[in-house]
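Protein chains in written order, with my numbering: chain A, 3 to 174; chain B, 3 to 174; chain C, 3 to 174; chain D, 3 to 174.
A few of these clues could be false.
Pairs count within a copy or across copies, as identical chains cannot be separated in the list.
Straight-line Cα separation of at most 25 angstroms, DSS-like style, residue types lysine-lysine; simulated pairs [claimed, not checked]:
no. : residue 1 : residue 2
1   : Lys122    : Lys17
2   : Lys57     : Lys122
3   : Lys17     : Lys57
4   : Lys21     : Lys147
5   : Lys54     : Lys147
6   : Lys147    : Lys162
7   : Lys54     : Lys77
8   : Lys77     : Lys122
9   : Lys17     : Lys35
10  : Lys57     : Lys35
11  : Lys122    : Lys21
12  : Lys17     : Lys147
13  : Lys35     : Lys162
14  : Lys35     : Lys77
15  : Lys162    : Lys54
16  : Lys147    : Lys77
17  : Lys147    : Lys35
Quick caveat, the hints were computed from the structure, so don't treat them as lab data.
Protein chains: 4
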Amino acid sequence: MRRLQIAVIGYNQDKSSEKTNQIAYQVGTEIAKANAVLICGGLGGVMENACKGAKDHGGMTVGIIPQEESKFANKFCDVVIATGIGYARDFVVATSADGIIAVGGGVGTLIELCVGYMLKKILVTIPSSGGTAENFGGRYLDDRKRVFIQTSQDAHTAVKIISDYFGSQQES
Amino acid sequence: MRRLQIAVIGYNQDKSSEKTNQIAYQVGTEIAKANAVLICGGLGGVMENACKGAKDHGGMTVGIIPQEESKFANKFCDVVIATGIGYARDFVVATSADGIIAVGGGVGTLIELCVGYMLKKILVTIPSSGGTAENFGGRYLDDRKRVFIQTSQDAHTAVKIISDYFGSQQES
Amino acid sequence: MRRLQIAVIGYNQDKSSEKTNQIAYQVGTEIAKANAVLICGGLGGVMENACKGAKDHGGMTVGIIPQEESKFANKFCDVVIATGIGYARDFVVATSADGIIAVGGGVGTLIELCVGYMLKKILVTIPSSGGTAENFGGRYLDDRKRVFIQTSQDAHTAVKIISDYFGSQQES
Amino acid sequence: MRRLQIAVIGYNQDKSSEKTNQIAYQVGTEIAKANAVLICGGLGGVMENACKGAKDHGGMTVGIIPQEESKFANKFCDVVIATGIGYARDFVVATSADGIIAVGGGVGTLIELCVGYMLKKILVTIPSSGGTAENFGGRYLDDRKRVFIQTSQDAHTAVKIISDYFGSQQES
């Protein structure tokens, strides 16, 4: 049985606040504890802090980066997918995830949320982290109402919503 | 001097109403009259009606489709770009446009709007066409406020906003 | 009835010789005379000279570039598709073509030939132009023998092989 | 220090012989023993057998598939990257690899070899496995001679060529 793949999406380092980074770290920690694989865009800010949280707790991390050279990934990625397809890699992050957690984030994060929505992935945001997570949590993105974007107060619950949905594939 | 490339984004045929299709037809008409090239996702609904409007008025149309076979394009596309990259082709529609006009639309349209926003394209929606055009016009998409999404009452003004921005490359 | 889309693939400006550029110009000329749309990678060398040949003879040209900004296209492209997906755009050039003509070319050209081969496009090379056109014309690319790569002595015949295959969609 | 990522490329299940599958299994085994991460296209044939070899020996495997749904991956992939970009995912397999080993293979394998060549990755084929590995080993792919495609008699040596190049990042 393959491990769950949970994507963490959010700000790059240029916009992420200390508070948002801490939430990202906690999300990474909880993904590791749930024995899921952390998928992300592989760059800085929320992505890097989530990866660090996962690695500090024995997790596995995958960075799917826009560039065609692995060196652009943050150093906490176990596996680097160097797509070379630019920001269209946002699609690959979302399609590769079983569930998606948004922490802060700008319009790139919104794109990833939209792709997940289109594909009816389990979507959760942590509104206290700001940005896209705050502005687009607790709602639908279009009139078809394909999947409700859930909100969570904290990292533990956010991961639990996804792992509960897929059943108890982990023993933690 | 290359002609302006204006993208029309919006509903596929399964969601587009008669009214929305008429607005799309008018947008295509106005793009042709402005001597610009119409770019779109090449499928049905808003895309097909916009292409038809342009072709009925001597315009040039380009359909950038998700599939790798040209046969999936609507029959009003002069040129078909069969990307084969699935819905990640939304990125290509937006990056290839000098300006973007949203007519109705669901979450796919929102993705294209987001990509245009990220790249600071001129963005205009026609809110009376419903959907994404109604819900996301007249606002920013993230806290960076990269580009304000303008709104227009009608097709003529929507095209004029874009062609005026790029100066008088046409004689209409 | 949509016009035929013929791709011209080959060297970028850093490797293309004067002779190869002249052949590319002739291929572009013949595509225009056949009333087909010229598709190419939109950059320099073979791509630019083919586009120039087509434009000098009233043709239509489309450049499908790796970058996400149109400014990188050569100035003889009527339409620029700014894919932003890097050299994976080689796939889009080949999938968008009804037939493909190779003029010179290195490994990027070989990739485009391979994609066309995989999809059973009509493939023609002009061996006298050197490079991939010389080394991979007149053969199959794998043991499945999906489509034989034809060779041509000159630009006129190369275009004729493709347009004859698709019937007389033009009056020239 | 990130673990080496070695790509195994080759036939899908419809063309792969028993012998080729056995070689693929051995290559996967050796990649696991070298403590490298196995990267592949995630489908059947050479890809599946290489993954199985790695999993039987405690390795880690990543499948980068053309589809946008993970269910199309073979069951020996620890991580599935569901690109949704079709066969353009061949680029992602090659760009994500530090070194590439070809086992059998048709024109899709040749595309991956070409991308690796363009990016000057360490390339090794096992000619006895047939197909692209036989036909394109021990040569250059274009006149620029960017990187010589090495050949190997067996799986152990193929992996050793790559791991030796990157130094002793493993203790096996």
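For each hint, the structure was consulted:
Taking CA atoms no more than 25 angstroms apart as the test, lysine 122 paired with lysine 17 passes between copies only; the shortest distance there is 18 angstroms, against 28 angstroms inside one copy. For a Cα distance limit of 25 angstroms, the shortest separation of lysine 57 from lysine 122 qualifies neither inside one copy, at 28 angstroms, nor across copies, at 31 angstroms. When the C-alpha separation of lysine 17 and lysine 57 is checked against a cutoff of 25 angstroms, the pair qualifies only within one copy, where the shortest distance is 23 angstroms, while the shortest distance between copies is 40 angstroms. Only between protomers do lysine 21 and lysine 147 lie at most 25 angstroms apart by alpha-carbon distance; the minimum there is 21 angstroms, versus 31 angstroms within a single protomer.
Taking the shortest Cα distances, lysine 54 and lysine 147 never come within 25 angstroms of each other, neither inside one copy (34 angstroms) nor across copies (30 angstroms). For a Cα distance limit of 25 angstroms, the shortest separation of lysine 147 from lysine 162 inside one copy, 23 angstroms, qualifies, whereas the shortest one across copies, 33 angstroms, does not. For the identical chains of this complex, lysine 54 and lysine 77 are intra-copy neighbours only, at 9 angstroms inside a copy versus 28 angstroms across copies, given an alpha-carbon limit of 25 angstroms. For the homomeric pair lysine 77 and lysine 122, the shortest alpha-carbon distance between copies (23 angstroms) is at most 25 angstroms, but the shortest distance inside one copy (31 angstroms) is not.
In this assembly of identical chains, lysine 17 and lysine 35 lie within 25 angstroms of each other by CA distance neither inside one copy nor across copies; the values are 27 angstroms within and 42 angstroms between. In this homomeric assembly, lysine 57 and lysine 35 come within 25 angstroms of each other (Cα to Cα) both inside a single copy, at 11 angstroms, and across copies, at 23 angstroms. In this assembly of identical chains, the alpha carbons of lysine 122 and lysine 21 never lie at most 25 angstroms apart, being 29 angstroms within a copy and 28 angstroms across copies at closest. Taking identical chains as interchangeable, the C-alpha atoms of lysine 17 and lysine 147 lie at most 25 angstroms apart only when they sit on different chains, with a minimum of 13 angstroms there against 30 angstroms within one chain.
For the homomeric pair lysine 35 and lysine 162, the shortest alpha-carbon distance inside one copy (10 angstroms) is at most 25 angstroms, but the shortest distance between copies (35 angstroms) is not. Taking the shortest alpha-carbon separations for lysine 35 and lysine 77, both the intra-copy value of 20 angstroms and the inter-copy value of 24 angstroms come in at or below 25 angstroms. For a Cα distance limit of 25 angstroms, the shortest separation of lysine 162 from lysine 54 inside one copy, 20 angstroms, qualifies, whereas the shortest one across copies, 31 angstroms, does not. Within a single copy, lysine 147 and lysine 77 get their C-alpha atoms no closer than 38 angstroms, and across copies no closer than 31 angstroms, so neither meets the 25 angstroms cut-off.
Within a single copy, lysine 147 and lysine 35 get their C-alpha atoms no closer than 32 angstroms, and across copies no closer than 37 angstroms, so neither meets the 25 angstroms cut-off.
Going down the numbered hints, you'll see the structure goes against 2, 5, 9, 11, 16, 17, while the others check out.
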